[in-house]
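Residue numbers (our numbering), protein chains in the order written: chain V, 334 to 661; chain A, 334 to 661.
Quick caveat, the hints were computed from the structure, so don't treat them as lab data. Fair warning: this is a prediction, and the values are worked out from it, not measured in the lab. Careful: at least some of the hints might be erroneous.
Just so you know, same-sequence chains aren't split out, so a pair can sit in one copy or run between any two.
[To be verified] Quick list of in silico lysine-lysine cross-link-like pairs, DSS-like style, CA-CA up to 27 Å: (1) Lys335 to Lys441; (2) Lys463 to Lys387; (3) Lys441 to Lys365; (4) Lys435 to Lys365; (5) Lys435 to Lys463; (6) Lys435 to Lys335; (7) Lys365 to Lys387; (8) Lys387 to Lys441; (9) Lys365 to Lys634; (10) Lys435 to Lys387; (11) Lys634 to Lys435; (12) Lys632 to Lys335; (13) Lys435 to Lys632; (14) Lys376 to Lys632.
What follows is each chain in one-letter form.
Number of protein chains: 2
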Amino acid sequence: MKHDRILLAHGGGGTLTHELIEQLFAPAFGLKELEDSAVLDDKLAFTTDSYVVKPYFFPGGDIGKLAVCGTVNDLAMQGAEPLWLSLGMILEEGLPLADLEKIVASIKATAAEAGVTIVTGDTKVVERGKCEGLYLNTAGIGRVVADVGSTHVRPGDAVIVNGNLGEHGVAVLSRREGIAFQTSVISDCAPLWSLVQSALVSGAEIHAMRDPTRGGLAATVCDIAAASGVGIWLQESALPISAEVRGACDLLGLDPLNIANEGKVVVFCRGTDAGRVLDAMRAHPLGRGARVIGEVTEKPKGMAVLRTAIGGERIVDMPTGEDLPRIC
Amino acid sequence: MKHDRILLAHGGGGTLTHELIEQLFAPAFGLKELEDSAVLDDKLAFTTDSYVVKPYFFPGGDIGKLAVCGTVNDLAMQGAEPLWLSLGMILEEGLPLADLEKIVASIKATAAEAGVTIVTGDTKVVERGKCEGLYLNTAGIGRVVADVGSTHVRPGDAVIVNGNLGEHGVAVLSRREGIAFQTSVISDCAPLWSLVQSALVSGAEIHAMRDPTRGGLAATVCDIAAASGVGIWLQESALPISAEVRGACDLLGLDPLNIANEGKVVVFCRGTDAGRVLDAMRAHPLGRGARVIGEVTEKPKGMAVLRTAIGGERIVDMPTGEDLPRIC
Numbered sequence: 334m335k336h337d338r339i340l341l342a343h344g345g346g347g348t349l350t351h352e353l354i355e356q357l358f359a360p361a362f363g364l365k366e367l368e369d370s371a372v373l374d375d376k377l378a379f380t381t382d383s384y385v386v387k388p389y390f391f392p393g394g395d396i397g398k399l400a401v402c403g404t405v406n407d408l409a410m411q412g413a414e415p416l417w418l419s420l421g422m423i424l425e426e427g428l429p430l431a432d433l434e435k436i437v438a439s440i441k442a443t444a445a446e447a448g449v450t451i452v453t454g455d456t457k458v459v460e461r462g463k464c465e466g467l468y469l470n471t472a473g474i475g476r477v478v479a480d481v482g483s484t485h486v487r488p489g490d491a492v493i494v495n496g497n498l499g500e501h502g503v504a505v506l507s508r509r510e511g512i513a514f515q516t517s518v519i520s521d522c523a524p525l526w527s528l529v530q531s532a533l534v535s536g537a538e539i540h541a542m543r544d545p546t547r548g549g550l551a552a553t554v555c556d557i558a559a560a561s562g563v564g565i566w567l568q569e570s571a572l573p574i575s576a577e578v579r580g581a582c583d584l585l586g587l588d589p590l591n592i593a594n595e596g597k598v599v600v601f602c603r604g605t606d607a608g609r610v611l612d613a614m615r616a617h618p619l620g621r622g623a624r625v626i627g628e629v630t631e632k633p634k635g636m637a638v639l640r641t642a643i644g645g646e647r648i649v650d651m652p653t654g655e656d657l658p659r660i661c
Numbered sequence: 334m335k336h337d338r339i340l341l342a343h344g345g346g347g348t349l350t351h352e353l354i355e356q357l358f359a360p361a362f363g364l365k366e367l368e369d370s371a372v373l374d375d376k377l378a379f380t381t382d383s384y385v386v387k388p389y390f391f392p393g394g395d396i397g398k399l400a401v402c403g404t405v406n407d408l409a410m411q412g413a414e415p416l417w418l419s420l421g422m423i424l425e426e427g428l429p430l431a432d433l434e435k436i437v438a439s440i441k442a443t444a445a446e447a448g449v450t451i452v453t454g455d456t457k458v459v460e461r462g463k464c465e466g467l468y469l470n471t472a473g474i475g476r477v478v479a480d481v482g483s484t485h486v487r488p489g490d491a492v493i494v495n496g497n498l499g500e501h502g503v504a505v506l507s508r509r510e511g512i513a514f515q516t517s518v519i520s521d522c523a524p525l526w527s528l529v530q531s532a533l534v535s536g537a538e539i540h541a542m543r544d545p546t547r548g549g550l551a552a553t554v555c556d557i558a559a560a561s562g563v564g565i566w567l568q569e570s571a572l573p574i575s576a577e578v579r580g581a582c583d584l585l586g587l588d589p590l591n592i593a594n595e596g597k598v599v600v601f602c603r604g605t606d607a608g609r610v611l612d613a614m615r616a617h618p619l620g621r622g623a624r625v626i627g628e629v630t631e632k633p634k635g636m637a638v639l640r641t642a643i644g645g646e647r648i649v650d651m652p653t654g655e656d657l658p659r660i661c
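Turn these sequences into a full structure, and let the hints guide you.
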């Protein structure tokens with residue numbers, strides 16, 4: 334390992350997070366496929382995420398909504414219908430009860446929207462200053478209904494996304510102390526199973542799905558290219574990025590490709606089935622902005638490339654994870 | 334709710350924790366039976382716990398060992414064989430990698446001892462000072478093999494515990510900053526499934542099991558008495574408490590009945606089957622100190638009473654949760 338102490342970037346979803354997982358956690362626990370969910374006995378998927386987003390209320394959502402969406406989306410990406418969630422809460426001494434009540438109400442509403450039940454939980458309290466309001470963890474169990482996976486992507490596949498990129502990250506940053514800009518961007522935070530399900534039942538041959546959260550679209554395409562041993566070509570002019578997100582990124586010196594999303598799915602499907610997926614997604618409220626953003630080829634094996642608007646090409650690098658701490 | 338801000342006692346496993354669960358979480362999420370694990374579809378049990386123990390290394394264990402034991406024990410108490418764990422980590426910027434490696438090794442060793450597999454995980458990093466080294470969460474899935482539950486206890490049942498009480502709490506406290514005493518007490522932290530299994534297959538009719546963690550034996554007997562609508566009588570002279578734990582409690586003004594254990598199980602079985610349970614437990618390394626500590630009667634309905642060594646009686650109260658923060 335390159336560092337002898339934990340850095341913020343170890344949690345950023347980029348190269349340092351990968352180093353930690355590949356060099357420490359995966360060997361210790363014998364993890365083989367580094368998907369966000371584990372498949373148990375071919376029928377159940379199991380996943381977990383902790384949530385430390387700062388601030389815990391942000392435009393378009395809060396840590397509770399995020400904690401439901403993030404975990405049900407990890408299941409959905411594995412082709413699993415989300416069924417049950419656990420909820421672990423670490424609360425800071427002094428947290429206003431009114432804030433906790435709002436967050437619990439948000440968890441309840443989002444779970445109902447996502448069709449999952451919170452079946453078990455746990456509460457711990459730490460002294461003032463030893464967390465920031467609250468940290469949450471959800472673990473989720475789902476029923477696997479489709480055979481998809483990061484290693485299943487093939488040359489000829491189309492790359493599709495269901496709408497605008499970068500909105501979650503920009504919305505959270507816009508409310509963070511010390512960040513001196515205002516925008517009306519709202520987090521895209523949403524539970525994606527019903528959208529994913531409509532794509533799955535469209536008859537299209539879907540090979541992989543991934544929610545581009547920490548590390549954004551860049552981390553997603555780098556991961557999938559490496560896992561499937563294919564080249565992924567993104568078309569810059571096709572990437573759906575709003576003027577506001579682009580402006581905020583310019584201001585902050587960030588690349589919109591690296592910014593976290595919480596209501597987006599990147600679908601890799603047989604190229605000739607792209608139309609079916611687009612039709613199915615566009616008929617769903619969360620998929621109206623669905624479009625093809627790239628294609629999969631044999632080469633360059635294990636790499637992602639961006640065809641720029643002016644006709645150039647640039648390698649898409651795995652983000653280091655330093656840009657955006659505490660986004661989820 | 335009595336308070337408009339979260340207090341440390343809301344996480345102490347006593348009356349304030351119960352208030353939070355019963356008045357806020359249970360109604361919001363429609364939780365019915367307030368067991369530590371949820372039973373899904375009659376075959377699978379599902380549970381979660383977060384771990385914030387301070388300090389993260391303590392005599393007899395560390396936060397990693399605790400995070401495996403706590404969760405597999407919650408499954409075991411539900412009569413479920415622990416199978417799979419998730420692991421969510423919240424790391425503090427600056428955490429020495431050597432400490433993380435030690436904790437990961439401890440998780441690995443304890444999981445192997447407990448017969449479970451860590452199948453999925455997540456890592457977040459927060460800024461320096463925003464947690465204390467690391468907080469962990471594990472969620473666990475187990476296969477239900479016995480029909481036990483807090484509501485199943487009946488008059489005539491025997492109350493059995495597998496060994497000395499109060500060791501985990503005293504061991505953790507002995508290493509906490511500002512606590513001015515030294516002891517050689519070591520945490521009892523251990524995975525209990527194989528012990529529980531040997532009691533279950535002994536042929537004894539076991540009605541309920543509970544690990545007396547936060548809130549100690551007092552919280553356990555208060556909970557079970559209320560859930561089953563029975564009276565529970567503990568015999569003070571039968572309670573296994575070492576001289577060192579008793580001495581430390583006297584020094585700190587604590588009641589050993591309220592102190593957390595992490596390797597103890599309280600078994601409620603048909604009175605005439607107590608011998609079978611004792612024989613099965615005593616044949617197991619974690620059950621050598623097993624003994625009957627009390628009995629269940631019809632009255633006083635929903636209450637626990639201690640028969641003191643000098644022949645008196647005192648009501649066992651649910652601890653408030655104020656005594657011992659950050660014990661697990």
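Here's how the hints hold up against the structure:
no. : hint             : in the structure
1   : Lys335 to Lys441 : between (42 Å within a copy, 23 Å between copies)
2   : Lys463 to Lys387 : both (14 Å within a copy, 11 Å between copies)
3   : Lys441 to Lys365 : between (34 Å within a copy, 15 Å between copies)
4   : Lys435 to Lys365 : between (39 Å within a copy, 22 Å between copies)
5   : Lys435 to Lys463 : both (22 Å within a copy, 23 Å between copies)
6   : Lys435 to Lys335 : between (42 Å within a copy, 17 Å between copies)
7   : Lys365 to Lys387 : neither (32 Å within a copy, 32 Å between copies)
8   : Lys387 to Lys441 : within (21 Å within a copy, 31 Å between copies)
9   : Lys365 to Lys634 : within (21 Å within a copy, 53 Å between copies)
10  : Lys435 to Lys387 : within (16 Å within a copy, 29 Å between copies)
11  : Lys634 to Lys435 : neither (48 Å within a copy, 37 Å between copies)
12  : Lys632 to Lys335 : neither (30 Å within a copy, 64 Å between copies)
13  : Lys435 to Lys632 : neither (50 Å within a copy, 41 Å between copies)
14  : Lys376 to Lys632 : neither (34 Å within a copy, 47 Å between copies)
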